[in-house]
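Chains A and B, in that order, are what the protein sequence lines are. So that you can map any letter, position 236 of the first sequence is 236 in the working numbering, and since no number is skipped, the others follow by simple counting. So that you can map any letter, position 18 of the second sequence is 1018 in the working numbering, and since no number is skipped, the others follow by simple counting.
Read the hints as simulated data drawn from the structure, not as lab findings. There could be a bad hint or two in this list.
Claimed, not checked - Which chain B residues face chain A? A few, computed with CB under 7 Å, are given here: (1) 1025; (2) 1032; (3) 1037; (4) 1039; (5) 1040; (6) 1042; (7) 1071; (8) 1125; (9) 1130; (10) 1131; (11) 1242.
As the list claims (entries may be wrong) - Each computed SDA-like pair below joins lysine to any residue, with the alpha-carbon atoms no more than 25 Å apart: (12) A:25 <-> B:1137; (13) A:317 <-> B:1037; (14) A:264 <-> A:319; (15) A:264 <-> B:1166; (16) B:1005 <-> A:41; (17) B:1322 <-> B:1276; (18) A:25 <-> B:1252; (19) B:1137 <-> A:107; (20) B:1137 <-> B:1183; (21) A:322 <-> B:1231; (22) B:1137 <-> A:118; (23) B:1264 <-> A:25; (24) A:322 <-> A:118; (25) B:1025 <-> A:36; (26) A:322 <-> B:1264; (27) B:1322 <-> A:36; (28) A:25 <-> B:1276; (29) A:317 <-> B:1166; (30) B:1317 <-> A:44; (31) A:25 <-> B:1327; (32) B:1322 <-> A:44; (33) A:317 <-> A:10; (34) A:25 <-> B:1037; (35) B:1005 <-> A:229; (36) A:264 <-> A:229; (37) B:1289 <-> B:1327; (38) B:1025 <-> A:29; (39) A:25 <-> B:1033; (40) A:322 <-> B:1284.
Each residue gets a CB set at the ideal place from its N, CA and C atoms; glycine is no exception.
Chain by chain, the residues run as shown.
2 protein chains.
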Amino acid sequence: MTDLKPISFARGAPSLDIVDVEGLKAAAQAAFTADPGGLTAYGTSVGYLPLREWIADRHGVAPDNVIVTNGSMQADAFLFDALVREGETVVVELPTYDRTLLSLRGRGADVRMVELEPDGIDVAALERVLVAGARPKLAHIIPNFQNPAGYTLCQPKRERLLELAREYGFVIFEDDPYIELRFSGERLPTMLSMDPERVVYASSFSKTVAPGIRVGYLVGPRALIAQIERLATGTYISPNMVAQGIVYQFARSGAIERSVETVKTALAQRADALAAALARELPDARFVKPEGGYFMWVELPRGTDVAALFTAAAARKLQFVKGTDFVLEGYESALRLAYAGVTVPEIEEGVARLADAYRELTGA
Amino acid sequence: MTDLKPISFARGAPSLDIVDVEGLKAAAQAAFTADPGGLTAYGTSVGYLPLREWIADRHGVAPDNVIVTNGSMQADAFLFDALVREGETVVVELPTYDRTLLSLRGRGADVRMVELEPDGIDVAALERVLVAGARPKLAHIIPNFQNPAGYTLCQPKRERLLELAREYGFVIFEDDPYIELRFSGERLPTMLSMDPERVVYASSFSKTVAPGIRVGYLVGPRALIAQIERLATGTYISPNMVAQGIVYQFARSGAIERSVETVKTALAQRADALAAALARELPDARFVKPEGGYFMWVELPRGTDVAALFTAAAARKLQFVKGTDFVLEGYESALRLAYAGVTVPEIEEGVARLADAYRELTGA
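Full structure from sequences and hints, please.
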């Protein structure tokens, strides 16, 4: 067993074979040729202007509503710095992205987790929290192919969320890095497009270009974006101009559309393979096959000790992330499987190892 | 006067003609070719490992003592987040870099400014502050070709500063972006090399590669670097991998040495031209000709209203930064002239405009 090749269902990142390295090389040449001054000089904190305009255009907003940042996590950090004081209430999904949870807790926010269902956050439960007196500043929602669950927020719930936001005076933080990665079903409108004054929207090029390019952005009301501009100026003067210039050329040349097609095709195959392998090898696993994105949430029978399963899997050189990482408490029998970074044969081998570890654990 | 071409002595940035754009293009190709996985995947918060090692090697430290960041201002922000609590005392030079001053004041630090002399901070004055009871956490020092003054810290004062740091238990924050840009005189050892446990050293590739590349770094004691690694992970996962890959190839290919030579040659000519033009056109100006870097500090006779001079210069489409921007109070008769972004003819024309504005102001 010592010479087993490691397999990781842990990391939410694409495998190198679906990254358009040649396209990036060409974009780098084009960027330095087209705008050497813009790439090499200091910019301002709003980001590289041609890219900012391209993003604004995609979202049907003015450039003033957009700020480009060094990755979308940095965008989240600025947004939280601008809006979330210590003790302030923030609603998040249960489960949710572990780094968002850490970032909010690190700021001393009063984090209220509201159950996520396969069609999105339980809006009735959220309403009960609001009626009971909670007055959140912000509700953090990952609407498409949620991390960690892979679930997508349905249209009626998008509408209801906006109604609640207007009624109770909170901002919806629509965290949407996976939107372009839908490989089945129909695309839903962003909440940003439904009510631009009530929503701050974050996304990035990590999933459509490459994670190492570290370019993300926020779209939101003008005054809030201006406030974040000041925070960004004081933090780093300007985001990375070279990386943004490369992204802009990658986008305007059409390479980004081809890249998204490559990624979606691979993800669809990988999600299919994962679902089929789980159904075959681990029939106790409950999951909803995602319509896009990187992640599948797996629930094992109540009482299954996923921490022990993690150890048994690690002994078989298989990695995943425990469900407990995405919540404040509970979820000891759930896990997140990321399928973006693994090929179909690795998925099949990985699930076989997982099932083997599960059998050892349960004595089945 | 309306069709005058604007001239700026304000911005601390190189003109495009001394940036090696072709070298950057070649470095980008080499980087994507040599290490496509390393450039396109998420990294970790310590930075791109080959670049981290290259930096460690240059400073004679272990890679564990280095963290690469999105520009050195971001490095400063992490360092202040790690070390400077509200109300904590921080010593800075008088005058000093305006953004550092803003950043420290924004954190509620008790900022103590200690007079800068042409051979560096007045260590006797600093000692008096310490003897009087101040217990700073940090002393921020720009040792070479200081911003805004252009002055350089002499060797005896480097030694004395380290003695005081040891005696009074503070850390020296050696902020050294200009070290490679010495065009006359002899290079002095860094305080980092003199006492690596007492110093946190910051620098960047903004002045040796290009500002838009936004790659900076910190060198310091292992425990502090580890603490900053955690802050960086929580802020942006990893700094820009593409930009760091490009810098690494630019450095290892030797392009960086050629770039530094180009920049130094231009800066020496520009500093000469500026000093000569001031001596000729504005004999009231007092200044010390710098031995490197981007900046010259100019003092006009006591009582000269540089705010009014700024307005009179702006009417002649000439920009500079007022001395008052670099201090908490006073210095109304001083200004900073940056000569890195202007050619020799622009310098001559710019000084002529400045002298004309001064004559208008003083009625001379």
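Okay, the hints, checked on the actual structure:
1. At about 5 Å, the closest approach between the beta carbon of residue 1025 of chain B and any beta carbon in chain A falls short of 7 Å, and the interface hint on this residue holds.
2. Interface restraint check for residue 1032 of chain B: the shortest CB-CB distance to chain A comes to about 5 Å, inside 7 Å, so the restraint holds.
3. With 7 Å as the threshold, the beta carbon of residue 1037 of chain B comes within range of chain A, its nearest partner Cβ sitting at about 5 Å, so the hint holds.
4. This hint holds: residue 1039 of chain B has a C-beta 5 Å from the nearest C-beta of chain A, less than the 7 Å allowed.
5. For the restraint placing residue 1040 of chain B at the interface with chain A, the shortest Cβ-Cβ distance is roughly 4 Å, inside the 7 Å limit, so the hint holds.
6. Nearest Cβ of chain A to the Cβ of residue 1042 of chain B: about 4 Å, under the 7 Å cut. The hint holds.
7. Hint status for residue 1071 of chain B: holds, given a least beta-carbon distance of 5 Å to chain A, under 7 Å.
8. With its C-beta approaching chain A no nearer than about 29 Å, residue 1125 of chain B sits outside the 7 Å limit, and its interface hint is violated.
9. Look at residue 1130 of chain B: its Cβ only gets to about 29 Å from chain A, farther than 7 Å, so that hint breaks.
10. Hint status for residue 1131 of chain B: violated, given a least beta-carbon distance of 34 Å to chain A, over 7 Å.
11. For residue 1242 of chain B, the suggested interface contact is upheld, since its CB lies about 5 Å from the closest CB of chain A, less than 7 Å.
12. For the proposed pair residue 25 of chain A and residue 1137 of chain B, the alpha carbon gap of about 45 Å is over 25 Å, so the pair is violated.
13. In summary, the hint linking residue 317 of chain A to residue 1037 of chain B is supported, as the alpha carbons are separated by about 22 Å, within the 25 Å threshold.
14. In summary, the hint linking residue 264 of chain A to residue 319 of chain A is supported, as the alpha carbons are separated by about 23 Å, within the 25 Å threshold.
15. Distance hint between residue 264 of chain A and residue 1166 of chain B is unfulfilled; the C-alpha atoms sit about 58 Å from each other, more than 25 Å.
16. Pair hint residue 1005 of chain B plus residue 41 of chain A holds up; C-alpha atoms about 20 Å apart against a cutoff of 25 Å.
17. Taking the CA atoms of residue 1322 of chain B and residue 1276 of chain B, the gap is near 21 Å; set against the 25 Å cutoff, the hint holds.
18. Under the criterion of a C-alpha separation no larger than 25 Å, the hint pairing residue 25 of chain A with residue 1252 of chain B is consistent with the structure, at around 19 Å.
19. Simply put, residue 1137 of chain B and residue 107 of chain A have alpha-carbon atoms about 23 Å apart, close enough for the 25 Å limit, and the pair holds.
20. For the hint linking residue 1137 of chain B to residue 1183 of chain B, the alpha-carbon distance of about 34 Å lies beyond 25 Å, and the restraint is violated.
21. Restraint check for residue 322 of chain A and residue 1231 of chain B: satisfied, since their Cα atoms lie roughly 23 Å apart, inside the 25 Å limit.
22. With a C-alpha separation of about 51 Å, the suggested pairing of residue 1137 of chain B with residue 118 of chain A is violated against the 25 Å cut-off.
23. Restraint check: the Cα-Cα separation between residue 1264 of chain B and residue 25 of chain A comes to about 31 Å, which exceeds 25 Å; the hinted pair is violated.
24. About 19 Å separates the Cα atoms of residue 322 of chain A and residue 118 of chain A, which keeps this hinted pair within 25 Å; it holds.
25. With a C-alpha separation of about 10 Å, the suggested pair residue 1025 of chain B and residue 36 of chain A falls inside the 25 Å cut-off, and the hint holds.
26. As the CA atoms of residue 322 of chain A and residue 1264 of chain B are separated by approximately 54 Å, the hinted pair breaks the 25 Å bound.
27. The hinted pair formed by residue 1322 of chain B and residue 36 of chain A fails the criterion: a straight-line CA distance of about 30 Å is larger than 25 Å.
28. Restraint check for residue 25 of chain A and residue 1276 of chain B: not satisfied, since their Cα atoms lie roughly 46 Å apart, outside the 25 Å limit.
29. With a CA separation close to 49 Å, the supplied pair residue 317 of chain A and residue 1166 of chain B exceeds the 25 Å bound.
30. The hinted pair formed by residue 1317 of chain B and residue 44 of chain A meets the criterion: a straight-line CA distance of about 21 Å does not exceed 25 Å.
31. Between residue 25 of chain A and residue 1327 of chain B, the direct Cα distance comes to roughly 45 Å. Violation of the 25 Å bound is thereby established for this hinted pair.
32. Between residue 1322 of chain B and residue 44 of chain A the alpha-carbon distance is near 21 Å, which keeps this suggested pair within the 25 Å criterion.
33. Our distance criterion of 25 Å between C-alpha atoms is met by residue 317 of chain A and residue 10 of chain A, whose separation comes to about 12 Å.
34. A threshold of 25 Å between alpha carbons decides the hint, and for residue 25 of chain A with residue 1037 of chain B the separation of about 13 Å falls inside it, so the pair holds.
35. With a CA separation close to 29 Å, the supplied pair residue 1005 of chain B and residue 229 of chain A exceeds the 25 Å bound.
36. For the hint pairing residue 264 of chain A with residue 229 of chain A, the CA-to-CA distance comes to about 33 Å; that exceeds 25 Å, so the pair is violated.
37. The suggested pairing of residue 1289 of chain B with residue 1327 of chain B holds, with an alpha-carbon distance near 21 Å, which does not exceed 25 Å.
38. Simply put, residue 1025 of chain B and residue 29 of chain A have alpha-carbon atoms about 6 Å apart, close enough for the 25 Å limit, and the pair holds.
39. With a C-alpha separation of about 8 Å, the suggested pair residue 25 of chain A and residue 1033 of chain B falls inside the 25 Å cut-off, and the hint holds.
40. Restraint check for residue 322 of chain A and residue 1284 of chain B: not satisfied, since their Cα atoms lie roughly 71 Å apart, outside the 25 Å limit.
Hint violations for this structure: numbers 8, 9, 10, 12, 15, 20, 22, 23, 26, 27, 28, 29, 31, 35, 36, 40, all remaining hints satisfied.
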